[in-house]
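Taking the hints into account, I'd like the entire structure generated from these sequences.
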Amino acid sequence: MALPELEPAVLPPEAERLREEVRGFLAAARFEPRCDSWLTGADPAFSRELGARGWLGITLPVEYGGHGRSALERFVVIEELLAAGAPVAAHWIADRQMGPSLLAHGTPEQKRRFLPAIARGECFFAIGMSEPDAGSDLASVRTRAERTRAEPTRAEPTRAEPTPAEPTPAEPTRAERTPAEPTRAERTPAERTRAERDGGGWRLTGTKVWTSGAHLAHAIVVLARSTPSATRHDGLSQFVVELPSDGVTVRPIRGLSGEHHFNEVVFDGAPAELLGAEGAGWRQVTAELAYERSGPERFLSTFALVRLVCSVAPGAASGRLLGRLWALRQASLAVAGALAEGRAPELEAALVKDLGTRFEREVIDVARDRLGVEPDPVSPDPAARLLAQAVVQAPGFTLRGGTNEILRGIVARALEVG
Amino acid sequence: MADDRLLRETADAVLALDEPWPALVEAGLAGVGVPEEAGGSGGDLADAAVLLRAQGYHGAAVPLAETLLAGRLLAAAALPVPPGPLTVVPGRSARRVPWARRAHRLVVLDGDRVAVVAPDDVETVPGTNVAGEPRDDVTVRGELAAVPCPVTAGDVALRGALLRSVQLTGAMRRALELTVRHAGEREQFGRPVGRFQAVRQQLAELAGEAAVADVAVRAALRTPGDVFAVAAAKLNASRAAGAVADLAHQVHGAIGVTSEHPLGALTTRLWAWRDEFGGEAHWARRLGELGRVPWEEVTRTGGPPPEGATVW
Numbered sequence: 001m002a003l004p005e006l007e008p009a010v011l012p013p014e015a016e017r018l019r020e021e022v023r024g025f026l027a028a029a030r031f032e033p034r035c036d037s038w039l040t041g042a043d044p045a046f047s048r049e050l051g052a053r054g055w056l057g058i059t060l061p062v063e064y065g066g067h068g069r070s071a072l073e074r075f076v077v078i079e080e081l082l083a084a085g086a087p088v089a090a091h092w093i094a095d096r097q098m099g100p101s102l103l104a105h106g107t108p109e110q111k112r113r114f115l116p117a118i119a120r121g122e123c124f125f126a127i128g129m130s131e132p133d134a135g136s137d138l139a140s141v142r143t144r145a146e147r148t149r150a151e152p153t154r155a156e157p158t159r160a161e162p163t164p165a166e167p168t169p170a171e172p173t174r175a176e177r178t179p180a181e182p183t184r185a186e187r188t189p190a191e192r193t194r195a196e197r198d199g200g201g202w203r204l205t206g207t208k209v210w211t212s213g214a215h216l217a218h219a220i221v222v223l224a225r226s227t228p229s230a231t232r233h234d235g236l237s238q239f240v241v242e243l244p245s246d247g248v249t250v251r252p253i254r255g256l257s258g259e260h261h262f263n264e265v266v267f268d269g270a271p272a273e274l275l276g277a278e279g280a281g282w283r284q285v286t287a288e289l290a291y292e293r294s295g296p297e298r299f300l301s302t303f304a305l306v307r308l309v310c311s312v313a314p315g316a317a318s319g320r321l322l323g324r325l326w327a328l329r330q331a332s333l334a335v336a337g338a339l340a341e342g343r344a345p346e347l348e349a350a351l352v353k354d355l356g357t358r359f360e361r362e363v364i365d366v367a368r369d370r371l372g373v374e375p376d377p378v379s380p381d382p383a384a385r386l387l388a389q390a391v392v393q394a395p396g397f398t399l400r401g402g403t404n405e406i407l408r409g410i411v412a413r414a415l416e417v418g
Numbered sequence: 419m420a421d422d423r424l425l426r427e428t429a430d431a432v433l434a435l436d437e438p439w440p441a442l443v444e445a446g447l448a449g450v451g452v453p454e455e456a457g458g459s460g461g462d463l464a465d466a467a468v469l470l471r472a473q474g475y476h477g478a479a480v481p482l483a484e485t486l487l488a489g490r491l492l493a494a495a496a497l498p499v500p501p502g503p504l505t506v507v508p509g510r511s512a513r514r515v516p517w518a519r520r521a522h523r524l525v526v527l528d529g530d531r532v533a534v535v536a537p538d539d540v541e542t543v544p545g546t547n548v549a550g551e552p553r554d555d556v557t558v559r560g561e562l563a564a565v566p567c568p569v570t571a572g573d574v575a576l577r578g579a580l581l582r583s584v585q586l587t588g589a590m591r592r593a594l595e596l597t598v599r600h601a602g603e604r605e606q607f608g609r610p611v612g613r614f615q616a617v618r619q620q621l622a623e624l625a626g627e628a629a630v631a632d633v634a635v636r637a638a639l640r641t642p643g644d645v646f647a648v649a650a651a652k653l654n655a656s657r658a659a660g661a662v663a664d665l666a667h668q669v670h671g672a673i674g675v676t677s678e679h680p681l682g683a684l685t686t687r688l689w690a691w692r693d694e695f696g697g698e699a700h701w702a703r704r705l706g707e708l709g710r711v712p713w714e715e716v717t718r719t720g721g722p723p724p725e726g727a728t729v730w
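So the protein sequences, as listed, match chains A and B. For the first sequence, the residue numbers in the numbering used here are 1 to 418. For the second sequence, the residue numbers in the numbering used here are 419 to 730.
By construction, these hints were calculated from the structure, which means they are not laboratory data. Please note that a few of the clues may not be correct.
What the hints assert, rightly or not - Here are some, though not all, of the chain A residues that point toward chain B, as calculated from beta-carbon distances under 8 Å:
1) Leu-6
2) Val-10
3) Ala-83
4) His-215
5) Gly-319
6) Leu-325
7) Glu-348
8) Ala-412
As the list claims (entries may be wrong) - Chain B regions said to be covered by chain A (calculated; three or more residues, Cβ under 8 Å):
9) 437-450
10) 594-603
11) 697-705
Only a predicted model underlies this, so the values are computations on that prediction, with no experimental measurement involved. From the three backbone atoms N, C-alpha and C, an ideal C-beta is built for every residue, glycine too.
Shown next, in the form of structure tokens:
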């Protein structure tokens, strides 16, 4: 197969108007810009503020509390937030992939339960993929899903709901909850009773690791083996577990600078509900990856340093970074445009992530050279703090969401080499 | 142009020929991108880019970009475009003018004036790039019958950089295809070399560099007068050219370094074109000057192309 031709996207005028709104908000917002803010900068109050302004769940349908806007409009909002180094980690996974995934695979009841809360910035998600013995080889996951009732689940995704057809209003106590308090996504009493009675029909047993934000999340989506006899990609399904939950233990895994965003999540017979079709887990997960891999967070994690270098030490080195950034953004936008047209540019998404994440690291070396500071996480100099954040998080840039070696393998396979 | 697919297919067929120029003229393709009223074949820069990509893809030795540049320059100055291969000489004396000794006419840009001169009216010191294409030092003899011209030497340099970028992306695409094919066919240790992870990683790297450069150049084509966009496009195309040539040769092994092998016609052009109209360092310096408020610059060029901003 030849290299596909990726047409650059053109941002519609409404997206550019949205950009001005977001810039106006960011200019007045109070937060310290940081590197890698989409993974390590969690601030639930900031997330709720974005939700209140209509900037979460942008592409979700209005009937589910979303804003019915285009993927390119979402691109503009998130690139502005990322470039500003805003603390967007709390809602990032829910907004980026669980919203679209629930919309595509969830039951009507699941959509009503989760999507409006995601759009308000009140329901954060974690993703349970990697395990102690399953990293790059994701298909070897061992977390087990067992049925707790005999009812056939083939009809599960579209089963008739006992709840009213109209979306249910939020629980009145919701707004009174403090951000740190783990909350459940909203449910009607009838739904709660059913969920607590049968736990959604499944129980999970196993351990997930490197689960970012599980300690803040209201729910976790888990890839688990639902058919023990099936091998590899077959027999995997996606499940949702609301947090906190019986049978789920979340423990911190501290990062290199002692920071807490990773967790180990242990499931010990935890009640779980199926997301999408039984046995379709692998297909559903890989379909999410084009969204997950090609977004602007794959080249903007160290943008705060780019901004600094360009303003205090402009020259060939800063220009080289800018030229590269410009091109990577165009590639990322082109993938977003292709996704919006209903295509799934897997190869291009993998390329964007491979080159984008390496760019994020190149930035560090230019900044080290041009800024004349040493990385120091507690320095009064913001440049030293940004550099420290970037240096310590940098190994993760080329690991998370599929290592660059795995990505290049995907590219080679798509090119039909050998 | 009416039909993009037809244009692509015709361009591809013609530029695959050993001596494409007569066929290009015959098919009216040598004047694509130059207004019909000026004597060209009509069509816009996007149509011309289709041809230039095909030229790069086939490594065709024809002054298509140069003739386009000269034709559009003359049209902007309301001068008729003479037939035959043309080139722009940016000053009364200029170094490394592409295809000067093979041009039917030379378009001399002297400050804010332009003149068309015959080869006999200039002194030419021949030079050649590593692909064997003429790159000659040119000095104009005598007086010029020049007319006012709205296009500056800086405009020509910018447009030249964009056109070379397009050519580079065509050559990179073919280099990738040849390399992927070779990796699938060449067997060592009892299996195609493309089965080895080390080689697969190189192919992916090659594809990545080529793909990012390609989309950057396509994006810049929408705003051809925007210095930031064109600078970024050339920077990426030139950077990718070096990486692609290195990787393509590494995967081909010694088989790729003979003049019989088609890869050489591409990689020699990649090495030559990446430096012409400014290499990575040149454009990096420009971007550094222009991008002191970087995010505003980077995001300025995502929207629809400005209307009527392109004078030529």
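task: Identify whether the interface hint at A:Glu-348 stands, where standing means a beta carbon of chain B within less than 8 Å of its own.
output: With Cβ-Cβ at 7 Å, under 8 Å, it holds.
message: Tell me if the interface restraint on A:Leu-6 is satisfied: Cβ within less than 8 Å of some Cβ in chain B.
response: Holds - the Cβ of A:Leu-6 comes within 8 Å of chain B, reaching about 5 Å at its closest.
field: Three-residue Cβ test at 8 Å for the coverage of the stretch 437-450 of chain B by chain A
entry: violated (count 0)
message: Between the stretch 697-705 of chain B and chain A, are there enough contacts, at least three residues with CB-CB distance under 8 Å, for the coverage claim to hold?
response: holds (count 7)
query: Counting residues of the stretch 594-603 of chain B with a beta carbon closer than 8 Å to any beta carbon of chain A, are there 3 or more?
result: holds (count 5)
Hint check, A:Leu-325 versus chain B [nearest Cβ-Cβ separation less than 8 Å]: The hint holds - A:Leu-325 has a Cβ within 8 Å of chain B, the shortest such distance being about 6 Å.
- request: Would you check whether A:Ala-83 satisfies its interface hint, that is, whether its CB is within less than 8 Å of any CB in chain B?
  value: For A:Ala-83, the interface hint holds, since the closest Cβ of chain B sits about 5 Å away, which is under 8 Å.
field: Interface hint outcome for A:His-215 [beta carbon to chain B under 8 Å]
entry: violated (32 Å)
query: Per the CB criterion, is A:Gly-319 less than 8 Å away from chain B?
result: holds (3 Å)
task: Tell me if A:Val-10 is really an interface residue toward chain B, meaning its C-beta lies closer than 8 Å to one of theirs.
output: holds (5 Å)
query: Once the shortest beta carbon distance from A:Ala-412 to chain B is found, is it less than 8 Å?
result: Status holds, d = 4 Å.
Of the numbered hints given earlier, the model fails hints 4 and 9; all others are met.
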